[in-house]
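Asker: Protein chains in written order, with this note's numbering: chain D, 24 to 393; chain X, 9 to 170.
Think of the hints as simulated: they come from the structure by calculation, not from any bench.
It is possible that some hints are incorrect.
[Stated by the list, open to error] For lysine-lysine, the following DSSO-like pairs were computed, each having C-alpha atoms within a straight-line distance of at most 27 Å: (1) K159(X) <-> K312(D); (2) K312(D) <-> K44(X); (3) K258(D) <-> K158(X); (4) K258(D) <-> K127(D); (5) K157(X) <-> K311(D); (6) K123(X) <-> K257(D).
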Amino acid sequence: MKSAWLEVKDGEIEASINLFLQKMLEEKLVDAVLVPAELPNKSDIAPTLITEPGILAQARPLAPVMPVSMARVVSRLTRVAPSQRKIAVLLRPCDLRSLVELVKLKQASLDNLLLISLDCYGTYSPADYREFCQDTPNPTDEFLRRVKDGDELNLREACQVCEYFVPQNADLVIGLLGVDVEKGVLLQAMTAQGEDVLAKLNLPGAEAEDRGAAIASLLAHRVESKERLFERVKKEMSGRDNLLDIFAACTSCYNCVEACPVCYCKECFLKSPAFEWEAEKYLDMAEKKGALRMPADTLLFHLTRLNHVGLSCTGCGLCQDACPSGIPLLPLFRHTGDEVQALFDYVPGRDLEEEPPLTMFDENELSWVG
Amino acid sequence: MNIQSSDNIDSAGVDLPTENSREKEFEPVLIGFFCKWCTSAAADLAGTTRLQYPPNIRPIQVTCSSSVDPVYVIRALLSGADGVIVGGCPPGDCHYGSGNLIARRRLAVLKTTLKALGLDEDRVWVRWISAAEGPKFARTMREFTEAMKKKGPSPFKNSWSV
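Turn these sequences into a full structure, and let the hints steer you where they fit.
Answerer: What follows is the structure, given as structure tokens:
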């Protein structure tokens with residue numbers, strides 16, 4: 024597959040990407056670009072559907088922050104009906120994986136989308152990002168420089184343990200790892216559609232760079248962090264006592280559900296009348312144990328959610344960011360997700376053709392279950 | 009089927025007369041979700057052929073093992089049940105074709121989830137018992153009751169902050 028080179032001028036890395044996006048829009052290769060952009064308040068970033076090329080100067084494709092799931096945004100955009108016009112969508116690798124899951128679950132359509140993703144060094148929580156912006160001029164480029172220098176920045180826990188930082192299933196990949204970003208940014212076409220864009224824009228070709236070493240070294244680091252996290256989960260976050268302690272802070276606000284890219288049910292079963300009872304039933308439950316925490320079913324909610332979305336969980340950690348009580352959801356979801364996915368050798372978002380495991384079966388399997 | 013009135017069950021778990029010992033032996037509270045086409049029929053067969061099995065099990069008839077949403081299994085465990093057993097048709101013999109195979113995947117995920125969270129996944133059993141297997145039903149209930157007795161009371165028995 025072909026690669027192109029986006030030249031970086033005056034050290035403005037992100038601007039070179041924006042220029043490319045702008046060119047695509049001006050040349051009418053796409054009708055719109057969906058990309059994280061800086062809002063007029065100059066401090067917040069949100070996914071923005073841009074049709075006016077000039078506004079792409081405000082795009083922040085490299086901003087190390089993920090306030091909402093872009094996969095959810097694409098679902099919102101295409102669930103009622105697939106897009107009739109061409110839209111370039113720029114999203115992080117985890118969000119792209121979540122999007123693939125949503126497509127499999129018939130909650131989004133990739134029709135007429137051009138998927139662009141990037142080597143992801145990780146993100147801050149929205150609060151940490153705001154703070155980072157306050158004492159850093161040109162925060163997005165500066166972040167990239169620092170992280171490339173090996174600075175251990177205070178990244179979100181989900182990002183620290185993510186092994187899927189190189190995008191899968193994108194049409195175009197913005198290559199940053201193993202690339203001297205002061206000179207330029209690599210643009211790799213991964214599909215025929217991506218190649219077509221590079222050809223039409225007449226971008227200068229790039230030398231085939233060997234990025235393998237840079238990728239392998241980051242991967243080793245991430246896997247090591249993940250193993251450490253899993254050890255902590257096993258020691259400090261599992262078993263009845265730990266789980267009750269952890270979820271004691273839950274207020275049943277359902278923010279984790281709203282933030283989760285793959286928790287998509289229109290009507291949550293746990294909010295359905297199946298879980299509404301008359302006072303007598305609650306009193307019964309209270310009498311059995313002497314008391315009943317209200318609203319009831321906190322742990323039932325979390326265990327059910329872990330069980331329900333574990334197979335599709337991409338470990339983005341947005342649930343943890345969304346929790347007003349600071350419950351450490353990511354370690355639990357990441358660990359449980361890895362375990363249940365391993366049952367079926369399933370990696371969420373790896374391949375569009377891979378059926379979700381619970382929609383199929385094999386007569387001769389899982390004999391240990393019963 | 010061996011059905012007790014719910015009043016007896018709900019007030020204080022199972023209250024069986026103890027024969028020789030004064031101290032009461034731990035009697036596990038067990039919930040069974042049994043497919044109507046196989047395990048439930050096997051329970052009837054066990055009953056009509058007067059096979060003995062412990063009364064700890066509270067059978068709940070379901071249309072298919074695949075209609076057991078894991079949330080109900082979790083609910084039973086968190087409410088203090090000492091064990092939950094799902095009974096379905098042997099693989100290949102599902103009344104609806106493949107419900108039991110779907111159930112098997114679902115319950116594999118549930119057991120793995122419980123294990124990953126450090127909860128005892130062996131309190132959840134899945135067994136395939138056809139309508140003709142009355143003796144197997146009685147034997148399985150004896151084994152299940154014994155195994156849960158050995159485990160002792162569920163750690164959630166008195167947790168009111170769930």
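Asker: Next, verify each hint and record whether it holds.
Answerer: Hints versus structure:
1. For the suggested pair K159(X) and K312(D), the alpha carbons sit about 20 Å apart, so the restraint of at most 27 Å is met.
2. For the suggested pair K312(D) and K44(X), the alpha carbons sit about 32 Å apart, so the restraint of at most 27 Å is broken.
3. Between the alpha carbons of K258(D) and K158(X) the distance comes to roughly 25 Å, so the proposed pair stays at or under 27 Å and holds.
4. Under the criterion of a C-alpha separation no larger than 27 Å, the hint pairing K258(D) with K127(D) is inconsistent with the structure, at around 35 Å.
5. Restraint check for K157(X) and K311(D): satisfied, since their Cα atoms lie roughly 20 Å apart, inside the 27 Å limit.
6. Restraint check: the Cα-Cα separation between K123(X) and K257(D) comes to about 10 Å, which is no more than 27 Å; the hinted pair holds.
In terms of the numbered hints stated before, the structure departs from hints 2 and 4, listed from lowest to highest.
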